[in-house]
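Asks: Got chain A sorted already, so can you dock chain B onto it with the hints?
So the protein lines, in turn, are chains A and B. Each step along the first sequence adds one to the number in my numbering, with nothing skipped, and position 22 is 22. Each step along the second sequence adds one to the number in my numbering, with nothing skipped, and position 129 is 129.
Among the hints, a few may not be true.
[Claimed, not checked] Here are some chain B residues the structure puts well away from chain A; computed CB gaps all over 12 Å:
{"no.": "1", "residue": "Ile26"}
{"no.": "2", "residue": "Glu38"}
{"no.": "3", "residue": "Val65"}
{"no.": "4", "residue": "Glu78"}
{"no.": "5", "residue": "Arg139"}
{"no.": "6", "residue": "His140"}
{"no.": "7", "residue": "Lys168"}
{"no.": "8", "residue": "Asp181"}
{"no.": "9", "residue": "Glu193"}
{"no.": "10", "residue": "Ile194"}
{"no.": "11", "residue": "Lys213"}
{"no.": "12", "residue": "Gln241"}
[Stated by the list, open to error] Heads up, simulated EDC-like pairs for lysine to aspartate or glutamate below, C-alpha to C-alpha not over 20 Å straight-line:
{"no.": "13", "chain 1": "A", "residue 1": "Lys46", "chain 2": "B", "residue 2": "Asp47"}
{"no.": "14", "chain 1": "A", "residue 1": "Lys46", "chain 2": "B", "residue 2": "Glu133"}
{"no.": "15", "chain 1": "B", "residue 1": "Lys168", "chain 2": "B", "residue 2": "Asp70"}
[Said to hold, decoys possible] Computed spacing ranges between beta-carbons, pair by pair:
{"no.": "16", "chain 1": "A", "residue 1": "Arg44", "chain 2": "B", "residue 2": "Ile194", "range": "28 to 36 Å"}
{"no.": "17", "chain 1": "B", "residue 1": "Met214", "chain 2": "A", "residue 2": "Pro64", "range": "53 to 61 Å"}
{"no.": "18", "chain 1": "B", "residue 1": "Glu27", "chain 2": "A", "residue 2": "Ser62", "range": "52 to 60 Å"}
Bear in mind the hints are in silico, worked out from the structure with no lab data behind them. Ideal Cβ placement from N, Cα and C applies to all residues, glycine included.
The residues making up each chain are set out below.
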Amino acid sequence: MKQEWPLYEVFIRSRSGLSHRHAGSVHAADDEMALTNARDTYTRRKEGVSIWVVRSDKIVASDPEESSAFFEPAEDKIYRHPTFYEIPDEVENL
Amino acid sequence: MSDNLLMAAYASRLGDNALVLGQRMIELVAASPELEEELANANFSLDYIGQARMFYTYAGKCEGVGRDEDDFAFLRPEHEYRNLLLVEQPNGHFGDSTVRQVLFESWYLHLLEALTRCSDEGISEIAARAIKEVRYHLRHSSQWLLRLGDGTEESHRRVQQSLDNLWKFTGEMFSPDDLDDEMRAIFNGPHLEIIEAQWREDVRAIVEQATLKMPDNQWMASGGKQGRHTEHFGYLLAEMQHLQQTYPGATW
Numbered sequence: 001m002k003q004e005w006p007l008y009e010v011f012i013r014s015r016s017g018l019s020h021r022h023a024g025s026v027h028a029a030d031d032e033m034a035l036t037n038a039r040d041t042y043t044r045r046k047e048g049v050s051i052w053v054v055r056s057d058k059i060v061a062s063d064p065e066e067s068s069a070f071f072e073p074a075e076d077k078i079y080r081h082p083t084f085y086e087i088p089d090e091v092e093n094l
Numbered sequence: 001m002s003d004n005l006l007m008a009a010y011a012s013r014l015g016d017n018a019l020v021l022g023q024r025m026i027e028l029v030a031a032s033p034e035l036e037e038e039l040a041n042a043n044f045s046l047d048y049i050g051q052a053r054m055f056y057t058y059a060g061k062c063e064g065v066g067r068d069e070d071d072f073a074f075l076r077p078e079h080e081y082r083n084l085l086l087v088e089q090p091n092g093h094f095g096d097s098t099v100r101q102v103l104f105e106s107w108y109l110h111l112l113e114a115l116t117r118c119s120d121e122g123i124s125e126i127a128a129r130a131i132k133e134v135r136y137h138l139r140h141s142s143q144w145l146l147r148l149g150d151g152t153e154e155s156h157r158r159v160q161q162s163l164d165n166l167w168k169f170t171g172e173m174f175s176p177d178d179l180d181d182e183m184r185a186i187f188n189g190p191h192l193e194i195i196e197a198q199w200r201e202d203v204r205a206i207v208e209q210a211t212l213k214m215p216d217n218q219w220m221a222s223g224g225k226q227g228r229h230t231e232h233f234g235y236l237l238a239e240m241q242h243l244q245q246t247y248p249g250a251t252w
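Chain A on its own, in the form it takes in the complex (with noise of 0.2 Å):
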C-alpha cells in the first residue's frame, strides 16, 4: 500500500508589498521538505520572493452548507463598499 505524504498549501508572494496569494498545493513528508517542494515546484519562473506553506489539515474552513448564513447577509449592504472616496493616482496596489 502507498502511503501519501500530508498535503501543504502553498502561498506565494509575487513581490515585495503584495500580499501572499494561494498558488497550489504539494505533497511533503515534513515542514522543511513541504518549502523546499513548493519552491521547485511553484518558482521555477521568478515566480515569488516569499513562500509560506502550511499544512491543508491546519486550514480552519468556512462550511459550504452554511454559506447562505455567513455571506448573504452581506449582499445588500452597499454602504459598507468604500465607494464615496476618491483614490490619489500615486496609491498602488490597492
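Replies: Chain B in isolation, oriented as in the chain A frame:
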C-alpha cells in the same frame, strides 16, 4: 602548456563534472518517489547541464580552435573526460543517489567559492552563477540525508551502506594533480587541502546529525581526473552521445 590551454583544460574538467552528474540525474526522471521530488531533481539536473554548457563554451574560447559546447559534450571519447569518479557512479537506490549528491555538492560548493576568487574572470563569473544553484542543491540533498539517516531502522542501515560504499571516491577530490597545481600557481586557483578541511567539517556535521557514522576506510580510488574511469562510465557516455555519434551535426 600555455595559460590559455591550461585554462581550457581546467574549464573543460569542471564542465565534465557538471555534465556527467547532470546526465546521471536525468536518468532519474520518471523514477522519483513523488511528483515534487521528480520536478526538483529534473530542475537540478538542468542546472548542472547549464553549468556544463558555460564551462565548455569557455573552454572552447580559451582553446581557440573552434570547438563549441557540443563538441566537448558529444564528440570526445571516454579517456578525454576528466570528471571525478564519484559523479559517474550509478544512481543505485535513493540513498545511494542522495549520498553521492551530498558528498559531491559539499565539495563543489567550496571549490566554486574558491574559484570566485581566482584571477581569471571568465571562470570566476561562471562560478559565481553556479554557487547559488549548488547551495540550494546541497540544502536539498542534506535534508534527505537527515531524513534517511534519522528515519527508520532500514533507511538508516541502507544509507549508512551507501555512505560506506561511496566514500572511496572522495579522495580524488582533494589530491591535486599538475593541472590543479598550475591553476593554483598561475590563476590563484583553489587550495584543495583547505577545501578538504572545510569539506570534512561540513560532512561530519551532516553525517552526525543524521545519526550516521563517518566511514573509516582509508583506501581511495582515483583516475577520473586522468581519464581512467569506472566500468559504469562507458554506458553513460554511450547513451548520452548516441544521437550525435550516429547522426553527426543533427540539430533539434
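Asks: Report the numbers of all earlier hints that the structure fails to satisfy, in ascending order.
Replies: Hints 2, 5, 6, 15 and 18 contradicted; others consistent.
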